[in-house]
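Asker: In case you want the letters, here they are:
Number of protein chains: 4
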Amino acid sequence: MASKLIAIVAGVGPGTGAAVARKFAATYPVVLLARNPDSFESLAKEINSGGGKAVGISTDISDSNSVKSAVETIKKEFGSDVGAAAAIFNASGGFFRKPFLEVPEDVFSKSLKVSAEGGFIFSQATLPLLLKGVEQKSAHPPSLIFTGATASVKSNALMATFATGKWALRALSQSLAREFGPQGVHVSHAIIDGVIDIPRTKEWLKELGPEGKLSADGIANDYWWLHTQPRTNFTWEIDLRPAVEKW
Amino acid sequence: MASKLIAIVAGVGPGTGAAVARKFAATYPVVLLARNPDSFESLAKEINSGGGKAVGISTDISDSNSVKSAVETIKKEFGSDVGAAAAIFNASGGFFRKPFLEVPEDVFSKSLKVSAEGGFIFSQATLPLLLKGVEQKSAHPPSLIFTGATASVKSNALMATFATGKWALRALSQSLAREFGPQGVHVSHAIIDGVIDIPRTKEWLKELGPEGKLSADGIANDYWWLHTQPRTNFTWEIDLRPAVEKW
Amino acid sequence: MASKLIAIVAGVGPGTGAAVARKFAATYPVVLLARNPDSFESLAKEINSGGGKAVGISTDISDSNSVKSAVETIKKEFGSDVGAAAAIFNASGGFFRKPFLEVPEDVFSKSLKVSAEGGFIFSQATLPLLLKGVEQKSAHPPSLIFTGATASVKSNALMATFATGKWALRALSQSLAREFGPQGVHVSHAIIDGVIDIPRTKEWLKELGPEGKLSADGIANDYWWLHTQPRTNFTWEIDLRPAVEKW
Amino acid sequence: MASKLIAIVAGVGPGTGAAVARKFAATYPVVLLARNPDSFESLAKEINSGGGKAVGISTDISDSNSVKSAVETIKKEFGSDVGAAAAIFNASGGFFRKPFLEVPEDVFSKSLKVSAEGGFIFSQATLPLLLKGVEQKSAHPPSLIFTGATASVKSNALMATFATGKWALRALSQSLAREFGPQGVHVSHAIIDGVIDIPRTKEWLKELGPEGKLSADGIANDYWWLHTQPRTNFTWEIDLRPAVEKW
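For the record, the sequence lines run as chains A, B, C and D. Letter by letter, the first sequence follows residues 0 to 246 in numbering that gives the first Met the number 0. Letter by letter, the second sequence follows residues 0 to 246 in numbering that gives the first Met the number 0. Letter by letter, the third sequence follows residues 0 to 246 in numbering that gives the first Met the number 0. Letter by letter, the fourth sequence follows residues 0 to 246 in numbering that gives the first Met the number 0.
Worth flagging that the hints you see were computed from the coordinates, not collected in a lab. Be careful, since some hints might not be right.
No distinction is drawn between identical chains; accordingly, a pair holds when it is met within one copy or between any pair of copies.
[Unchecked claim] Result set (DSBU-like, lysine-lysine): computed pairs, CA atoms no more than 35 Å apart in a straight line:
id, residue 1, residue 2
1, Lys44, Lys109
2, Lys205, Lys75
3, Lys97, Lys245
4, Lys153, Lys44
5, Lys136, Lys97
6, Lys75, Lys153
7, Lys74, Lys205
Keep in mind it's a predicted model, so treat the numbers as computed, not measured.
From just these sequences and the hints, can you work out the full model?
Answerer: Printed below as a string of structure tokens:
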């Protein structure tokens with residue numbers, strides 16, 4: 000296969016991940032990573048039947064062997080010198096709200112493993128492809144984008160489990176921005192400060208009206224905007240929230 | 000005159016201000032505010048002769064009477080119920096780097112007067128127009144955008160004069176974002192973290208190569224992007240820097 | 000008079016200022032600055048009759064001539080080469096909570112003038128005395144301490160007036176810490192995050208119980224602690240709040 | 000044994016940990032935790048022979064079974080209803096500075112395991128003892144103090160490994176401060192922003208002079224100060240650096 004640049008999305012679910020994949024699929028072949036094939040199968044079908052190209056790979060982002068194997072699959076599919084135009088880390092330890100002394104160690108540990116170690120593993124796997132994207136003169140500087148949350152900058156009572164992983168991920172993204180920016184890779188972190196409007200949250204925050212939740216497509220547009228910034232004007236961090244959100 | 004929405008840019012100079020004005024002039028009639036007509040005359044001519052509409056008004060942004068008089072001029076020109084789609088505050092106390100005990104009080108005072116009080120005066124003058132923009136159902140949520148700097152978040156030795164005004168302006172923008180977001184006005188703050196590539200800085204930072212400085216047009220694009228975010232996905236703050244910048 | 004080091008407290012009222020003055024008066028002659036002599040007269044009497052030394056000087060901290068004249072009075076009283084061991088800026092623009100479009104310009108302006116310009120004027124007046132304190136080998140590194148608030152780091156809706164001045168003051172303190180630390184002056188900023196327990200606030204927050212408000216004496220103890228830190232271990236910033244405070 | 004309150008120090012080495020243990024040993028029996036008995040044996044001897052009481056327990060802070068077993072030893076030694084007046088987490092993943100793509104996964108993982116998961120395990124093990132300290136009306140509010148670093152708030156290029164764990168630990172401490180403050184436990188985080196003066200760093204930063212490094216005893220004094228703050232005046236975070244440090 001030719002060396003057309005690809006986009007890789009980790010943490011494809013019904014919300015941000017899928018919207019981002021659709022957005023980037025308009026320009027690049029996309030690789031969809033999720034543990035459970037249910038998370039990407041219908042999306043891959045939708046993209047492929049709509050004239051785009053999507054490959055779903057069942058992957059545990061917190062397991063480096065699983066991620067290495069995903070990279071092998073990518074190379075088989077797109078060529079061994081394939082470069083990436085974008086890699087988006089949208090995985091996350093589960094939201095978990097409990098009195099601290101009732102948090103099971105394995106829940107804390109697992110959350111950290113997905114958010115922090117998963118971020119590390121994904122970055123180590125995709126940065127070589129993104130650097131190849133730089134060599135191959137991608138139209139836009141190759142992007143590594145991390146999805147953060149309110150809990151990335153504020154660690155509330157009962158939220159230690161989720162926040163710890165999210166602060167760790169933000170630290171990772173800042174260090175990578177400083178190291179890889181000069182090498183031409185654009186590393187960004189998005190603070191999603193609010194509830195995203197997906198089927199599961201349909202009944203939430205109705206008191207805020209029809210614009211009380213973040214649009215997943217809106218987030219995807221913003222990630223695309225980050226992706227298209229030129230080397231002279233890189234943004235590391237944006238925050239995103241509904242106009243009506245209290246913050 | 001009809002109630003076509005306008006954009007107002009304060010602090011039009013050879014860099015960001017002019018680039019932002021050009022960008023927004025592609026969609027809106029623009030009002031250019033600067034103390035010295037030299038700062039906007041050729042730009043207004045350029046926009047008007049290119050098919051756009053620009054009105055320059057000589058204004059001291061730190062003087063509320065001068066700003067009130069500018070608003071009168073705007074209403075005469077565009078109608079008394081004119082609404083605004085965007086207001087961009089790009090004025091700033093001068094960059095001033097001196098040992099603290101050598102800073103003349105009037106220099107400190109003037110810097111604060113432009114950055115902090117100027118921001119206040121401009122916001123009080125333009126928010127009523129932006130709220131009219133909301134009523135008049137502007138295509139994009141009306142935007143109030145403030146230009147910040149590295150010194151908006153870091154107050155280095157010898158930089159007290161400039162940083163004090165810039166932190167004050169950032170505080171203003173955060174409070175306004177929280178108050179006016181729910182009313183439909185999108186308030187943003189951009190941290191410009193680096194040197195902007197304008198004639199005056201031509202010889203600076205050459206060691207960083209051709210992409211070592213921020214592009215003013217790039218900043219304008221980013222302001223436009225902020226402007227086009229929908230109500231469900233507002234960004235308060237972005238940072239912007241060249242990929243090669245140390246930070 | 001001999002060159003005994005003094006402490007200077009600006010913004011002496013019934014709360015923090017008075018408590019700090021009492022605390023520092025146990026070791027140093029104290030100078031009490033406030034606009035209204037009512038604010039310091041009984042306190043000066045109390046300190047003087049208790050074996051300490053206190054001099055009250057009616058001063059408008061936002062007026063450099065008034066502050067210069069206070070320094071003249073200090074030199075007459077304590078000698079022209081008097082040094083300072085501590086200077087504490089506890090003045091503040093008034094707390095003001097209003098919809099932004101209803102804030103009179105002079106209220107905003109006055110708040111900024113006290114918090115930001117007052118901080119500047121006080122620092123320029125006292126830093127030469129603090130540097131003399133360094134020369135005269137004060138037992139503890141001479142301290143310049145600024146009183147901040149929740150609004151120094153968070154700028155809420157309706158709080159633009161107060162927060163703008165407080166962010167500006169924090170910026171000032173950070174720049175001064177960086178410039179004057181290497182010269183031996185310890186510059187600190189305290190974020191007072193809660194209501195202080197003074198007669199005026201007696202009826203507030205009763206639902207939080209007897210420990211729901213900050214103790215002014217506790218704040219004074221913390222300022223003294225900051226003052227006694229050695230050159231190897233300077234703190235720029237502390238936050239202070241009641242254990243029960245939500246934050 | 001009687002229910003005298005104890006202090007527990009995790010991460011006892013030649014620097015901060017030992018100094019903190021000595022300081023708190025003047026008032027409380029101290030428990031010294033470190034993986035290698037070499038780290039605490041001579042210190043325990045020194046404290047015990049000086050009239051204090053110290054118990055060293057070889058413990059892997061990142062292993063919950065090891066920590067549980069340490070708690071069993073503590074209860075055998077001090078009684079099953081022993082309360083704690085202080086618990087200090089001074090352990091840390093090793094400082095590691097490398098290009099990101101050269102960081103072995105197990106190094107990153109181990110660092111996170113000590114800094115973040117170790118903090119979690121230590122907090123879950125000691126908070127019940129600290130809450131007993133509250134019940135048993137300790138003279139000062141029981142304290143849980145975490146040692147942070149420059150890398151707790153700034154994540155530089157090449158520092159992803161260390162910073163990720165440190166940001167995670169800071170998040171943990173902030174959430175715990177908010178949850179346990181109202182329950183009477185004082186949770187703090189200290190940003191140690193500089194090099195600590197210990198034998199290993201003797202030759203470092205000589206150009207900064209004799210006060211260019213942090214004093215470990217100074218840090219211990221500051222931790223003690225945090226410990227003695229009353230419930231009305233809790234500090235969550237302090238920063239500490241030599242006066243001459245650039246920051």
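Asker: Could you run down the list of hints and mark each one as holding or not?
Answerer: Hint check:
With identical chains, the CA atoms of Lys44 and Lys109 are at most 35 Å apart within one copy only, with a shortest distance of 31 Å there and 40 Å across copies. Taking CA atoms no more than 35 Å apart as the test, Lys205 paired with Lys75 passes in neither setting, with 47 Å inside one copy and 43 Å between copies. Taking CA atoms no more than 35 Å apart as the test, Lys97 paired with Lys245 passes in both settings, with 23 Å inside one copy and 17 Å between copies. Within a single copy, Lys153 and Lys44 get their C-alpha atoms no closer than 38 Å, and across copies no closer than 43 Å, so neither meets the 35 Å cut-off.
Taking the shortest alpha-carbon separations for Lys136 and Lys97, only the inter-copy value of 27 Å comes in at or below 35 Å, while the best intra-copy value is 48 Å. In this assembly of identical chains, the alpha carbons of Lys75 and Lys153 never lie at most 35 Å apart, being 42 Å within a copy and 39 Å across copies at closest. Taking CA atoms no more than 35 Å apart as the test, Lys74 paired with Lys205 passes in neither setting, with 45 Å inside one copy and 39 Å between copies.
Hints 2, 4, 6, 7, counting from the list given before, are not met by this structure.
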